[in-house]
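There are 2 protein chains.
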Amino acid sequence: MKLTILGCHSATPRVDTHPTSQVLEIKNNIFLIDCGEGTQVQLRKNRVKFSRIKHIFISHLHGDHFFGLVGLISTFRLLTRETDLHVYGPKGIKDVITLQLKLGNSWTDYKLIFHELTSKESELIYEDDKVTVHTIPLKHRIYTNGFLFREKLGERKLDLNATLNANIDKSYYRKLKQGFDVVNEDGKLILNADVTKDPAKPKSYAYCSDTAYTETIIPIIKNSDVLYHESTFLEKHAHLSNPTKHSSAIDAATIAQKAEVGQLVLGHYSTRYDDISGFKEEAQTVFENVELAEAGKVFTF
Amino acid sequence: MKLTILGCHSATPRVDTHPTSQVLEIKNNIFLIDCGEGTQVQLRKNRVKFSRIKHIFISHLHGDHFFGLVGLISTFRLLTRETDLHVYGPKGIKDVITLQLKLGNSWTDYKLIFHELTSKESELIYEDDKVTVHTIPLKHRIYTNGFLFREKLGERKLDLNATLNANIDKSYYRKLKQGFDVVNEDGKLILNADVTKDPAKPKSYAYCSDTAYTETIIPIIKNSDVLYHESTFLEKHAHLSNPTKHSSAIDAATIAQKAEVGQLVLGHYSTRYDDISGFKEEAQTVFENVELAEAGKVFTF
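Protein chains in written order, with this note's numbering: chain A, 1 to 301; chain B, 1 to 301.
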């Protein structure tokens, strides 16, 4: 998986900080996660090809996570897009986008498909032959979901030398990759385990923003390779977390530690902080493997 | 008047070009005209104080002229604005902004007052003691207005030497400024014209975007000091003007010449042109006093 941060600050877009948006690439699939104002310019800056975006996931309908969506949808139209676009987000997202297209008499020529979310339980909302996406119900001021992206287990890998030595006809290679034993050219049974290797361990990425500290997400995100968890506040402002339903760096790290994830990526910093290094320092008092999201930064895992 | 261009390209925001927005300052009043995506960042870059914006005029509901409005309104809320905000724009603008604030449960604490426009005739939509604003009905794919900003004639100016020599009591200065004759300390009638000078000629600014070539606007904008007229296309693409209801540089210059304005400012360039110098060259074949709008450029008149 390749995660590109387009923006990772809360509240208002500013000259050098951008509201939330991320691009997640999984085996040539591109998923856009949240879409604050200015996301389309950030996509250009980071050279993400617009036509490769086919699925957009919106966590909730606060402006810093979705005010850039209607502009992106409109730009796709101006670029004469023909490919379907799927948008996953809270109920209401279809109405508000549709109303804006209607007022501008700017209907898309491509097919725009909304998947409106209402469930308060985690649910499967996307699946193809390589990836599943489940919602992660979060605890915020309005209805909000995080998203859990999981690779599927791939096919077994041929041990090419062993396969050749075992004198197996090429037409059986498909079966081998699928885990079957096969009969070779000499009529002998070849055990799958002798000529194949385990596929790469499937990776998973959990995106949790915006949310107050809530342990209800732990069973859902358990053992994820990477967890992006919002951390709006440092400890000195932690008293603001509960009233605003946001988290501190310590909150995020506590969730990472309890969910036993591989790595924690922090973001959604309050714009009150000019220097974000304190987020990492505070989180690392609880959980060691912490990285800071920054616009333009790429995480590969 | 001081006009600051925040963005002057059509269609989509890009890394180095910005959709339409302008700030017009008239005697300490700040008017924001149109508000494409990214306007709030452009306001920051150009150091316009957010709290000074009390009136926003939206020409039409195409994204490149209004997708930045809801974000700006939300940012005002986050900055704990208390001052009323007036928004002037086509019918529908209230619904679409309100729906977004409702979905985010992010109602403004300050008063948000919409003035929805439906008239196809020019009408007075704003007036204070210094300025009037009239609509300029334009010819575009959807309902669109330009805006004509006119200073009111100020008070007469005292010729201080003449006033002192005429031995006039200071309590009469107000009357003099208002144009009255007065009686001096010696009981002699002093003619207003002998001790005052004409006030500065009131300035006017006509904003016309987006529009096809239409002579119906000429009587409204006649003799304006500065005309901003959209020029989306160069001559080589002038055949696109009619189907898209936009103008070429020559169209804009022809309107400027027929309306006998003082200066023409061009903008709303199609993003297909990397070099905009051709707009000025083509317009100047028809009308001499042409300037090119560019983001960050300031015109004082």
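Check each hint, because a few of them may be wrong.
As the list claims (entries may be wrong) - Below are the EDC-like pairs computed for lysine to aspartate or glutamate, each with C-alpha atoms no more than 20 Å apart in a straight line: (1) B:Lys45 to A:Asp16; (2) A:Lys152 to A:Asp198; (3) A:Lys102 to B:Glu116; (4) B:Lys139 to B:Glu121; (5) B:Lys102 to A:Asp95; (6) A:Lys94 to B:Asp95; (7) A:Lys45 to B:Glu121; (8) B:Lys94 to B:Asp128; (9) B:Lys45 to A:Asp274; (10) B:Lys94 to A:Glu235; (11) A:Lys45 to B:Asp274; (12) A:Lys102 to B:Asp95; (13) A:Lys91 to B:Asp95; (14) B:Lys91 to A:Asp95; (15) B:Lys236 to B:Glu260; (16) B:Lys49 to A:Asp16; (17) B:Lys111 to B:Glu151; (18) A:Lys49 to B:Asp16; (19) B:Lys102 to A:Glu116; (20) B:Lys130 to B:Asp109; (21) A:Lys245 to A:Glu235; (22) B:Lys139 to B:Glu116.
Said to hold, decoys possible - Residues of chain B placed beyond 12 Å of chain A at every Cβ, according to the derived structure: (23) Asn28; (24) Glu37; (25) Ile73; (26) Ser74; (27) Val96; (28) Leu99; (29) Asp159; (30) Leu234; (31) Asp274.
Unchecked claim - These stretches of chain A come out as covered by chain B in the derived footprint (C-beta under 8 Å, 3 or more residues): (32) 8-18; (33) 33-43.
Simulated from the structure, these hints should not be mistaken for laboratory data.
From a predicted model like this one, the values you see are computed outputs, not experimental measurements.
Each residue gets a CB set at the ideal place from its N, CA and C atoms; glycine is no exception.
Hint by hint, here is what the structure shows:
1. B:Lys45 to A:Asp16: Holds: lysine 45 (chain B) and aspartate 16 (chain A) sit about 10 Å apart, inside 20 Å.
2. A:Lys152 to A:Asp198: Given that 20 Å is the threshold and the Cα spacing comes to 13 Å, the pair holds.
3. A:Lys102 to B:Glu116: Measuring from Cα to Cα gives roughly 17 Å; hence the hint holds.
4. B:Lys139 to B:Glu121: The hint holds at about 12 Å.
5. B:Lys102 to A:Asp95: Distance ~12 Å between lysine 102 (chain B) and aspartate 95 (chain A) Cα, so the pair holds.
6. A:Lys94 to B:Asp95: Since the Cα atoms of lysine 94 (chain A) and aspartate 95 (chain B) sit roughly 15 Å apart, the hinted pair holds (cutoff 20 Å).
7. A:Lys45 to B:Glu121: violated (43 Å)
8. B:Lys94 to B:Asp128: violated (23 Å)
9. B:Lys45 to A:Asp274: holds (17 Å)
10. B:Lys94 to A:Glu235: violated (40 Å)
11. A:Lys45 to B:Asp274: holds (17 Å)
12. A:Lys102 to B:Asp95: holds (12 Å)
13. A:Lys91 to B:Asp95: holds (18 Å)
14. B:Lys91 to A:Asp95: holds (18 Å)
15. B:Lys236 to B:Glu260: violated (26 Å)
16. B:Lys49 to A:Asp16: It holds: about 18 Å lies between the C-alpha atoms, which stays within 20 Å.
17. B:Lys111 to B:Glu151: violated (27 Å)
18. A:Lys49 to B:Asp16: holds (18 Å)
19. B:Lys102 to A:Glu116: holds (17 Å)
20. B:Lys130 to B:Asp109: This hinted pair is violated, its Cα atoms lying about 29 Å apart.
21. A:Lys245 to A:Glu235: holds (15 Å)
22. B:Lys139 to B:Glu116: Given that 20 Å is the threshold and the Cα spacing comes to 18 Å, the pair holds.
23. Asn28: Its Cβ never comes within 12 Å of chain A, the nearest being 25 Å, so this holds.
24. Glu37: At about 5 Å from chain A, glutamate 37 (chain B) fails to clear the 12 Å cut-off, so the statement is violated.
25. Ile73: Isoleucine 73 (chain B) is in fact no farther than 12 Å from some Cβ atom of chain A, at 9 Å.
26. Ser74: At roughly 5 Å from the nearest Cβ of chain A, serine 74 (chain B) sits no farther out than 12 Å, so the non-interface label is violated.
27. Val96: With a cut-off of 12 Å, valine 96 (chain B) comes too close to chain A, as the shortest Cβ separation is near 5 Å.
28. Leu99: Label violated. Min Cβ-Cβ 5 Å, cutoff 12 Å.
29. Asp159: At about 48 Å from chain A, aspartate 159 (chain B) clears the 12 Å cut-off, so the statement holds.
30. Leu234: holds (19 Å)
31. Asp274: holds (15 Å)
32. 8-18: That given contact holds, which follows from 5 residues of the region 8-18 of chain A lying within Cβ reach (below 8 Å) of chain B.
33. 33-43: The restraint on the region 33-43 of chain A holds, since 4 of its residues have a Cβ under 8 Å from chain B and three suffice.
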